[in-house]
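Engineer: Here the protein sequences come in this chain order: A and B.
Going by the numbering used here, 4 is the number at position 4 of the first sequence; the sequence numbering is gapless.
One gets the numbering used here by counting positions in the second sequence from 1 and adding 1000 to each.
Think of the hints as simulated: they come from the structure by calculation, not from any bench.
Keep in mind the model is a prediction, meaning the values are calculated, not measured.
From the three backbone atoms N, C-alpha and C, an ideal C-beta is built for every residue, glycine too.
Among the hints, a few may not be true.
[Stated by the list, open to error] Calculated pairs, BS3-like style, for lysine-lysine (alpha carbon to alpha carbon, straight line, at most 25 Å):
#1 A:Lys104 to B:Lys1151
#2 B:Lys1082 to A:Lys104
#3 B:Lys1082 to B:Lys1120
#4 B:Lys1218 to B:Lys1269
#5 B:Lys1224 to B:Lys1151
[Said to hold, decoys possible] Computed far set for chain A versus chain B, every beta-carbon distance over 10 Å:
#6 Pro12
#7 Lys13
#8 Ser29
#9 Val30
#10 Glu34
#11 Leu46
#12 Val52
#13 Ile78
#14 Gln90
#15 Glu96
Here are the chains, one letter per residue:
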Amino acid sequence: MVRCGQPPFDQPKPLHERCDEHDGVYGFSVQSRENQTLEALAVWCLNTRIGVTTVGVIRERGYEVVVTSGSGFHATVIVPRDWTPEAARQLAESFEDRENPVAKAERHR
Amino acid sequence: MNPIFADFNAMTESRQVRLTCQGSQDDLRAGGILPGDWVWLTDGEMEVGARVEADKEGRTYGVPAWDTLVYLDPEPELSFPKVWSELRRLLDLDGRTSKDESRVLQLLTWFLALAPAEAKEAIPPGFTEYQRAAVLRALGHYELALQEALKATVNNSANEKYIYLYLELLRRTDLDRALHEARRLVNDPSTGATVLAECVNILAIHIEHLSEQEFDEKFMMMLKWIERFQNAPGIENIRLGLLGQVLFNRGMALLRGNQIQAARGYFEKILELNPRDQVAQQALSLNHYDASARHLAEVFRARSLSAA
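Throw the hints in and build the complete structure from the sequences for me.
Structural biologist: Below you can see the structure in the form of structure tokens.
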């Protein structure tokens, strides 16, 4: 799973303020699909830095991930509507900070 | 106008950015932004110009102009001398491509991030905003360009080039407001010839849509504005393109007033300045102010004139 931008995704707005309703579920956006390479997911990120984790890790922390409509391999990590800043910060720690492996010119606009 | 927060993870299939999360909504409300407005979207790492839209359910999203995308943090291998050198080369380049224009926008961003204090102090006030406005105009994003040009004039209200560009962009985006601003500038004795040339142009475009009765009244106003132009500070150094534009606008107004010979006299003056001006050559054969004349006027005014 990839989330575009640099973890912990708290500048200029914290992660809990980046959540929204997607196809009837509430949460934050990621790129995630089974059997896709990191590059195949990251090509949908324009950012230079990306956050990388797995669906397994997210589930271990008590959250669910579902495929929702959007560009590329869009999916939503479901969170409560009253998600707290502290809980958001803790979940953001699950994402490893990496450089986007896809060259700028090849990322999808 | 401050940039609006956008989560670029939340993109629709058509690569529009959803602006429905709390972070975006808070900024949209604070900025009083409505659908149809142009804004800068940012996630703190990148920035892109976008038009705000709303769907049938009232959900807001941004339609990015991707050729305005810039990365806020300079690439690690970049230094100020490298950025400045490439920026100067591109700014001096004639006939820049769209790709070059986007690159200038990126370099201006990195220039501000990397420039030491003494380098920033050496740059005239409004310089970067003016250059950004010029790039955005070249890319056809007039509303975004207008925002930057306004900032340039605020930072340096005495610079004629900045005011000229601001007026030109205002004319392209909102003719009524441009006319209001032109009136104010014409009444200001310190306004120079370069800016007055654009004021005359704005009035000329405005009077095209008027009835015959209204035209007569505004034609007199135009003659007064042209007189102001002819006696304005800086008239001795006015660029030939701008002088030609004033002559053309006067000629077209005379043509509409059925003063055909007088109109031709002004088109001939343009040809004295530039014998290869094809539009002026065609204007010489006009006998009426008709659809062909209006078309010629559009072609003439579509030329991108520089006040530099």
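Engineer: Indicate, hint by hint, whether the structure satisfies it.
Structural biologist: Here's how the hints hold up against the structure:
| no. | hint | result |
| --- | --- | --- |
| 1 | A:Lys104 to B:Lys1151 | violated (30 Å) |
| 2 | B:Lys1082 to A:Lys104 | holds (20 Å) |
| 3 | B:Lys1082 to B:Lys1120 | holds (16 Å) |
| 4 | B:Lys1218 to B:Lys1269 | holds (23 Å) |
| 5 | B:Lys1224 to B:Lys1151 | violated (30 Å) |
| 6 | Pro12 | violated (5 Å) |
| 7 | Lys13 | violated (4 Å) |
| 8 | Ser29 | violated (4 Å) |
| 9 | Val30 | violated (6 Å) |
| 10 | Glu34 | holds (19 Å) |
| 11 | Leu46 | violated (6 Å) |
| 12 | Val52 | holds (13 Å) |
| 13 | Ile78 | holds (14 Å) |
| 14 | Gln90 | holds (19 Å) |
| 15 | Glu96 | holds (16 Å) |
Violated hints, in rising order: 1, 5, 6, 7, 8, 9, 11; the structure is consistent with all others.
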